[in-house]
Amino acid sequence: MSYIKDTLFSLSASYASGKVSEASEFAFDELSKYLECVKSDKNMSFYGVMKGESDYTLMLDAHIDEVAFTVTNIDDNGFLTVANCGGIDLRTLPAKQVLIHGKQKIKGVFISTPPHLLDGEQTFDDISKIKIDTCLGAKDLISPGDIVTYDIKPCELSYGRVTGKSLDDRAGVTCLIELGKRLKGKKLPINVCFSVVDGEELGMRGAIPATFDISPDEAVAIDVTFGISPDVTSDEGGYLGKGAMIGVSPILDKSVTDKLNTIAFDNDIPYQNEVMGGKTGTDSDVISVSKNGVKTGLISIPLRNMHNDCEIIDLKDLESTCDILERYILSGGVKNA
Amino acid sequence: MLKTLKSLCLIDATSGDETAVREFICKEVKDFCECSTDNLGNLICFKKGKKTPNKKIMLDAHMDEVGLIIKAITPDGYLKFQTVGGIDTSVMLSRRVLIENEINGVIGCKPVHLSSADERKKLPKEENLYIDIGASSRQEAQELVSVGDRAVICSEYIENGDKIISKALDDRIGCAVLIDLIKNYDEYDFYGVFSVQEEVGARGAKVATFGINPDSAIVLEGTTAADIADVPSDKTVCVLGNGVAVSFMDKGAVYYRPYYDFALNSNIKCQPKSAVAGGNNSSVIHLSRDGVKTVALSVPCRYIHSACSVADKNDILSARELCEYMINAIADGSIE
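Sequences listed follow chains A and B, in order.
Heads up: the first sequence begins at 1 in this note's numbering, then just goes up one per residue.
Heads up: the second sequence begins at 1001 in this note's numbering, then just goes up one per residue.
Please keep in mind that the hints were generated in silico from the structure rather than gathered at the bench.
It is possible that some hints are incorrect.
Which residues of chain B face chain A? A partial, calculated answer using Cβ under 10 Å [what the hints assert, rightly or not]:
id, residue
1, M1001
2, L1002
3, G1108
4, A1117
5, K1122
6, I1133
7, A1135
8, L1144
9, V1147
10, D1149
11, N1160
12, S1306
DSSO-like mimics (lysine-lysine), calculated; alpha carbons at most 30 Å apart, straight line [said to hold, decoys possible]:
id, chain 1, residue 1, chain 2, residue 2
13, A, K153, B, K1071
14, A, K153, B, K1122
15, A, K107, B, K1121
A few chain A positions that, by computed beta-carbon distances, are all more than 10 Å from chain B [stated by the list, open to error]:
id, residue
16, S2
17, K42
18, D75
19, C135
20, C155
21, K187
22, P250
23, I251
24, D258
25, N261
26, D266
27, G278
28, K291
29, E319
30, D323
Glycine included, C-beta positions come from ideal geometry on N, C-alpha and C.
Use the sequences and the hints to build the structure in full.
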């Protein structure tokens, strides 16, 4: 468990959005301990293949990018206007610490309007009104287009839960790395491609070219989904700590879904089902329609406070995800289904 | 002084629970003054100078900071809380907190994907917020946390050029300045009060002032600065880097005008606090017994009462310098 936690913490503590790629570099180096990885020349996506005994290829997908911001303007006093890259709840921003990835890394803080300036209730409908205070007249260090990320290190909560930024989807990337470690040196019935992609938060734009390049026969995306909390009902999400959520949706391949469920059930691995009426909001939406179609499944890790810098997951759910997928791969996916 | 400020800011001490700060300050000043702790927890210091002025001069800085108090644990193991002092909901939403210096928690927030357009525009009600510590049941939570426990919103202590970003700048800045005066100023006798419970109604300063019975008081504080993007200059209250702010009036006090004028006419960098807003321990100090001539010297802080408030080092130095200047002037009779 500690390897999973350490890997997740290293990934959460580093950054990846737009031109900022350090989390991707960490994941590349870590996964390269177990298989040979190849970088994409177009973005920070990369992949590596573990050879099996047949030509059939199963692709595992997780995204490395995180929700972030990009600088659109810098005023003379060092206040930045930003646009969001991915879905952000503006109400959570005032007085929040961020890291500006300019010529050097600069810590800044979103402004918080003092009560005496508010006429009545504060409304949050325009991110351009919530500037970032750089506390510097840092015009020479920051340029439009620079990336701004949340700035917080992950930490442990109680009872096996952890909190941090970008657990969406570093949790999924952590599972890929853990699976690389578990499968190294094992006799595999099929090829397994580990695909770590960019751009999910901006419309799955990393998985599209990656899947095209890899041309898999089958794929499973690993992402996160809503965890039940006082703000999220059991209709809207899954329980933390009760296992990986195997996706059930018309856009997912039924044979993949069924086999994932069967493996979890037969092996007493904790799991839950996440049922969706159509698109899943994950890379599996685009992977499944790549080229002439890919049989695609989805496993999601329940996560609270999604897209905030205080996301929470239960490490047991990562363990369950890896346990299911390890057995799924060793049994050949749906090659013979 | 700035090194001490960092240590002070990193201590967690919400109103009514100031022991950790008091112990730190005690260690710092005990070799330089006589000090004692009163019934409410105020640390009262008497600094003997070379000369004893005719007037009894009291300096005040408060030790407490705003925070949270746990008031209930839900059946699902979440903690319900109330704020201790005034904290905006927007600076609490989706923050990490530390409970009793030990237990990590998070103030949760509904995922943006599941919020309606209306929900996304308006802040949730404070009573709907909760802390998530990882527990799944009341029993699990109770093993770690008790009702009545305190929490603070976590922050780093960051120095960006001349600026400092931290929680609790209000009023550990005042504490740092007062510690420095006790250590390094010895012209005239003065009383230094490190007071408790300012954020919950200036309660500590009330009893400390009664006990000391001063003629004059200088209150060392932090005050709101709105010198941020898109705010017109008549609404900024004060500006970081323009020196310590001197108040003529706020929601709690009308200040002794000759002190205000004298401070602004000094050659030390300072600015008027150009709004009748906020309040501090002066509200109770200036009304103690038969009245106390009071001046407030406040260091401008952006985003005050958040975990990322911002102050300028130069303003802290100017507060230190102006405070010494005022003690001398009051003590030697330059101002009556």
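Hint check results:
1. M1001: With Cβ-Cβ at 20 Å, over 10 Å, it is violated.
2. L1002: Interface hint status for L1002/B: violated (15 Å vs cutoff 10 Å).
3. G1108: Where the cut-off is 10 Å and the nearest Cβ of chain A is about 5 Å from G1108/B, the hint holds.
4. A1117: holds (9 Å)
5. K1122: Nearest chain A Cβ about 7 Å off; hint holds.
6. I1133: holds (5 Å)
7. A1135: holds (6 Å)
8. L1144: Holds: closest Cβ of chain A sits about 6 Å from L1144/B, inside 10 Å.
9. V1147: Since the shortest Cβ distance to chain A is 17 Å, the answer is violated.
10. D1149: violated (14 Å)
11. N1160: With a closest approach of 4 Å, the N1160/B hint holds.
12. S1306: Nearest chain A Cβ about 3 Å off; hint holds.
13. K153/A / K1071/B: Distance ~28 Å between K153/A and K1071/B Cα, so the pair holds.
14. K153/A / K1122/B: holds (28 Å)
15. K107/A / K1121/B: Satisfied, since the Cα-Cα distance of roughly 27 Å is no more than 30 Å.
16. S2: holds (17 Å)
17. K42: holds (28 Å)
18. D75: violated (6 Å)
19. C135: Violated, because the least Cβ-Cβ distance between C135/A and chain B comes to about 4 Å, which does not exceed 10 Å.
20. C155: violated (5 Å)
21. K187: Its Cβ never comes within 10 Å of chain B, the nearest being 39 Å, so this holds.
22. P250: holds (20 Å)
23. I251: holds (18 Å)
24. D258: For D258/A, whose nearest Cβ neighbour in chain B is about 28 Å away, the distance exceeds 10 Å, so it holds.
25. N261: About 24 Å separates N261/A from the closest Cβ of chain B, which puts it past 10 Å; holds.
26. D266: holds (27 Å)
27. G278: It holds; G278/A is separated from chain B by about 15 Å at its closest Cβ, greater than 10 Å.
28. K291: With a cut-off of 10 Å, K291/A remains clear of chain B, as the shortest Cβ separation is near 29 Å.
29. E319: Label holds. Min Cβ-Cβ 16 Å, cutoff 10 Å.
30. D323: Since the minimum Cβ distance to chain B is about 21 Å, D323/A lies beyond 10 Å and the statement holds.
The structure is inconsistent with the numbered hints 1, 2, 9, 10, 18, 19, 20, although it conforms to all the rest.
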